[in-house]
Structures are given as structure tokens and as C-alpha cells.
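Visitor: With my numbering, letter number 66 in the sequence shown gets 1401, and the count goes up by one each step, no holes.
Misleading hints may appear alongside valid ones.
[To be verified] In silico DMTMM-like cross-links for lysine to aspartate or glutamate, where the CA-CA straight-line distance does not exceed 25 Å:
hint	residue 1	residue 2
1	Lys1360	Glu1411
2	Lys1413	Asp1387
3	Lys1360	Asp1387
4	Lys1413	Asp1435
5	Lys1359	Asp1387
Worth flagging that the hints you see were computed from the coordinates, not collected in a lab.
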Amino acid sequence: MPNNNEITHRTNAISSFFAQMRIKKHLTQEEIASATGIGKSSYQRFEEQKRDPRLSEILLLMQFHDIALLDMAVYELKNRKTMKQLNDWDLVSAINSMPDDVKHALIDLIFQILPHVNGQSDNSDDSD
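Using the sequences provided together with the hints, build the complete structure.
Guide: Now the structure itself:
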């Protein structure tokens, strides 16, 4: 069970992620709030890390920005390891902290991609 500091860190990472998305798109907090149906002051306080987001708000923001949970995980990993390469343990740690349904989907995807990365495509035609 995560402690309060871990939860705060995770929600701060989510807030930072969505603030970066908004800034990259040159949108105001008011425009995001209006487009998603989230109250303006609620969105501002969320982005300023003065309140935790509701799951429904996170889902609305993900839909608005057309992103997946994996996008947020990659963003968090990059922030943890700025100027350093990620290692296998960072990836394992990130996957372990994901919800089970996301974790299983990601693991399935990795096993589908792995043969192609290693040059062992299932679709290879070895006929002579």
C-alpha cells in the first residue's frame, strides 16, 4: 500500500504531465477547463498541485489530449532519469506500479514486439 508521500509524488507527476501538455499546445488553463468540463478553479488548483485530481478528471484530460496511461508512465520515467539512461529495474518498477489491467496489456504488447526487436519476426518467410 503506497504511503501519503508516494501518492503525493504520483499526483504531482500527473499534474506536471498535464501542465506540460497544455503548455506545448499553447492553451490556457481556462481553455482546458472549458473543453473538458472541469471547473476552472479546480483545474488551476490541480495543475498548481494544490488538489488531487479525480480519476474522472484524469480520464477527461487523457481523452482531450488523446494520450494513454503509457504516455504518462514514459513521461514519469524520463523525469526520474534525466541525463541518465533508464535501466531494466526502472522499467520493472514502473510496470509494477501500474494498475493490473494496464500492466497485463503492456506485458502482452512487449511480448508481441520482442520478436521483431530481436529480428525474429513470426512472419518471416524461410521458404527456399
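Visitor: It remains to establish, for every hint, whether it holds in the given structure.
Guide: Status of the hints after comparison with the structure:
1. Lys1360 x Glu1411: holds (19 Å)
2. Lys1413 x Asp1387: Judged against 25 Å, a Cα distance of about 22 Å means the pair holds.
3. Lys1360 x Asp1387: holds (23 Å)
4. Lys1413 x Asp1435: Roughly 22 Å separates the two Cα atoms, so the pair holds.
5. Lys1359 x Asp1387: holds (22 Å)
Comparing the model with each numbered hint stated earlier shows that all of them hold.
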